[in-house]
Amino acid sequence: MSDYLLEMQGVDYTYPMAEQAAVKNLSFRLPAGRKTALIGQNGCGKSTLFLLADGLFRPQQGEILLDGVPLKFDRQTLNRWRQRVGLVFQDPEQQLVAPTVESDISYGLCNQNLPTTEIADRVQQTLADFQLTELARRPLHHLSLGQKKRVSIAGVMTLRPDLVLLDEPTAYLDALQTKNLLLELDSIAQSGTTLLIATHDLDFVYQWADWILVMQQGSLLLEGETLAVFEQLQALPDLELGLPLLWQVWNMLPPAIKLKTVPPRSIKKLHDSLHF
Amino acid sequence: MNTQLDALAYSNRLRSLPPKQKLFFALALLVTAMFVHPPIQLAISLWMLVWTVFYAGIPWRFYLGMVLGVMSFLLTSLVAIIGNFASLAPADSLWSWPLWGGQVYVSMGALQQAIEIFSRSLASTATLFFIILTVPFAELAVVLEQTPLPTILTELLLLCYRFIFLLAEVAQSIAIAQQSRGGYRTRRLALSSVSLLIRQLIQRTALRYQQIALGIKARGFNQEFRFWQSQPYKYSWRYGLESIAGCILLIIGEVFYRIYV
Chain A
1 MSDYLLEMQG VDYTYPMAEQ AAVKNLSFRL PAGRKTALIG QNGCGKSTLF
51 LLADGLFRPQ QGEILLDGVP LKFDRQTLNR WRQRVGLVFQ DPEQQLVAPT
101 VESDISYGLC NQNLPTTEIA DRVQQTLADF QLTELARRPL HHLSLGQKKR
151 VSIAGVMTLR PDLVLLDEPT AYLDALQTKN LLLELDSIAQ SGTTLLIATH
201 DLDFVYQWAD WILVMQQGSL LLEGETLAVF EQLQALPDLE LGLPLLWQVW
251 NMLPPAIKLK TVPPRSIKKL HDSLHF
Chain B
1001 MNTQLDALAY SNRLRSLPPK QKLFFALALL VTAMFVHPPI QLAISLWMLV
1051 WTVFYAGIPW RFYLGMVLGV MSFLLTSLVA IIGNFASLAP ADSLWSWPLW
1101 GGQVYVSMGA LQQAIEIFSR SLASTATLFF IILTVPFAEL AVVLEQTPLP
1151 TILTELLLLC YRFIFLLAEV AQSIAIAQQS RGGYRTRRLA LSSVSLLIRQ
1201 LIQRTALRYQ QIALGIKARG FNQEFRFWQS QPYKYSWRYG LESIAGCILL
1251 IIGEVFYRIY V
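Note that the protein sequences, when read in sequence, are chains A and B.
According to our numbering, the residues represented by the first sequence are 1 to 276, in order.
According to our numbering, the residues represented by the second sequence are 1001 to 1261, in order.
Bound-form chain A, shown alone (with noise of 0.2 Å):
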């Protein structure tokens, strides 16, 4: 296994009708069992990226590769690719088809033709970790869009993929939402799952990735480190990005205060680093 899970070479990909590339000659890497945000404008390719990452749109020029094996368009290669390539869309109701919250989660596995045993049991461990017990038998339309998100992400994880593709997790959620959701993708990552998200919320960016993909007009214009690229990013203020809550206050505190230089990463953090 290489250091690097998923690998974009070159990739071109426009719609049909479109007059201009969604994505343009791609290429990047993404690190193994890290935790990756994928940042841009609206309309910067995003949300392609992730459909060819998942082989649902095939590129038009360049190529893609997954533990450095290069993904063919067959069923059968494209069906082993789905199992280790999760993706979660940005509108669960985009990818629950079930009737109640156990069977959408079992979907997956049925695809996969499992013994119903394996299936019982992985669904029943699945609904435990993402505390959905209590709703396994409940249909999918009586569920808040909080509880939805949790069930689409929960019939991804099941299938114990190596990497998730999450897009915008925290839109339409409450604080108290996101928060969970947080917390749900800190475990997920702490399995060992490579995770990476497409999300305009820098501030949660900020405090959760170790690794950022900057994305403009179909093409990557930045990637590292976060604390990294957030410094390339204020000296690029032309892209319009925004910069993080946490990191502009502390760049407007005055350096005696500071008794770090490196930028905390969290509200408790930032309180830790100053001398009142």
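This list has only true hints and no planted wrong ones.
Chain A stretches covered by chain B per the calculated footprint, using a threshold of three residues with CB under 8 Å from any CB of chain B:
#1 51-58
#2 71-85
#3 99-108
#4 111-123
#5 139-146
Within a straight-line C-alpha distance of at most 25 Å, the following computed DSS-like cross-link-like pairs (lysine-lysine) qualify:
#6 A:Lys179 x A:Lys269
#7 A:Lys72 x B:Lys1217
#8 A:Lys148 x B:Lys1217
#9 A:Lys268 x A:Lys179
If you are wondering where the hints come from, they were derived from the structure by calculation, not from laboratory data.
Where a beta carbon is used, it is the ideal one built from N, C-alpha and C, also for glycine.
Given the structure of chain A, go ahead and fit chain B onto it with the hints provided.
Relative to chain A, chain B alone:
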């Protein structure tokens, strides 16, 4: 879309009974209702009411509203069966009234036919409501999957069930958005808002279809929709015995009716 119906099916007191037990019971009564006489059919309706309202705990007002809603349609069509028009009412007619140079009359035969249709429909409706209100659709689909019905049919039923609620939500949100901007202020505006809503709904259905197709592919769609569902049901001897004993009593009642009436 009446989501209360769906919610009751998921929360009624008979939820823990195996869906097969409830379905076989209701089907047995439905078949019985086809062949027995009106008093036995009325007994079936009452018995179903006991099961639905008292055993399953469905609010009686809701149940009554549903039954009356359906029966009101039936009653309007019964008028056409009961009433006949001729230049001269037959001698065996029960009532007759002169109208436009002829006579409107009610004959014994037509009245009996109407009573039979009414009682049979009432019994069938009651058994159907028993199924609808006590067996959630997802569980019904699992039972249907075990029958020789084509798989495509049960898959389509499940997808339709999922889509109905999605589209109902979309329709509701569009209607609220229209209402908030005065879209239903006058009858004319309401008509144009409804037509706009239908247009939007068709467009969004097409978009939703594309999105779901991608979502299903991403989850490894394998040419058929297969799900697993737990079966935490408990067969109830008490309900089982009551249903068997009740069916036997109904058949005995029918035999007595045929012999003595």
